Amino acid sequence: MQLRRAGAIIVATLAVVSAVYAFQRPFRKYPTVEGYDNFPIPRDFQEPGEWTFGRLMYPPVAPRNGGVEFFASWKEGGTNWTMDYPRSDRHLSAAIRRLTRIHARGAEEPTDLDDGDVFNRPWLYGVEVGHWDLTDSQAATMREFLLRGGFFMCDDFHGTVEWSFFEASMHKVFPDRPIVEIESGNPIFHTLYDLDQRYQVPGEQYIETGQIWEKDGKQPHWRAIYDDRGRIMVAMCFNMDLGDSWEHADNPEYAERFSALGIRIGINYVVYSMTH
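Residues in the sequence shown are numbered consecutively from 38, following the numbering used here.
I should point out that these hints are in silico values taken from the structure, not numbers from a laboratory.
A few of these clues could be false.
As the list claims (entries may be wrong) - Listed next, with one range per pair, are the computed distances between beta-carbon atoms:
| id | residue 1 | residue 2 | range |
| --- | --- | --- | --- |
| 1 | P215 | G247 | 29 to 37 angstroms |
| 2 | R266 | R138 | 33 to 41 angstroms |
| 3 | V198 | H140 | 35 to 43 angstroms |
Source: prediction; values computed, not measured.
Even glycine gets a Cβ: it sits at the ideal position worked out from N, Cα and C.
Work out the full structure, taking the sequences as your base and the hints as a guide.
Right, here's the structure in full:
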């Protein structure tokens, strides 16, 4: 009797495991804006982990010159959401593995709000969100994802014009929740590293120009949207480019102090998202 019962349990367990693997999406690498098409794929790209870098795929705002056709294929990559991808994603993932006890998968997971896979990605990152244009359906999915306990970090948008585009889509997600500055005492700045002393993190242009800001975005802002319990759901790094600080962490021409802060902020946000 016991052997039969044990056998039944094994069969049931194998069935569940097989079903899970059957529904896992195959890893896919997308064409990028910056041409990282031959960037080596980590060995553990198919292994499950405690945390995976979820990169938001999104439709961009149509260009003013009318070249809408170029943007019709955003689901195939090559548009704003692929900026710094996959180099920044994998550098942050490596930092999390090295500097924390979180078992982070080495490869990222591009995530499309249209197919529901976002609910398998409790931490989501959006780059260049000053160029996004979420549909009503995508905004509704994002809202559900966040209210279920998901966390969205967005970065690399600068100045008043890009803020207005970002805000337009974010207002679709949460028309009734304010965007506020995060106070330095908030746990998100103290989960692993104490980050009271923060400064503006520039993009790659700093290497050539020495200029930290872009557009008219001279002042860095760490902003957020909170849920009803006081948990940060959306964390915005505005007038900064943490993605470049991760991407160029191994570039001797990019100042180490920027990558040092950018990585620490990223790690704090990941740990916060897993503990709050």
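The hints, checked one at a time:
Checked against the given bound of 29 to 37 angstroms, the beta carbons of P215 and G247, roughly 36 angstroms apart, stay inside it. Between R266 and R138 the Cβ separation comes to about 26 angstroms, which falls outside the hinted range of 33 to 41 angstroms. Range check, V198 to H140: Cβ separation about 40 angstroms, and the 35 to 43 angstroms hint holds.
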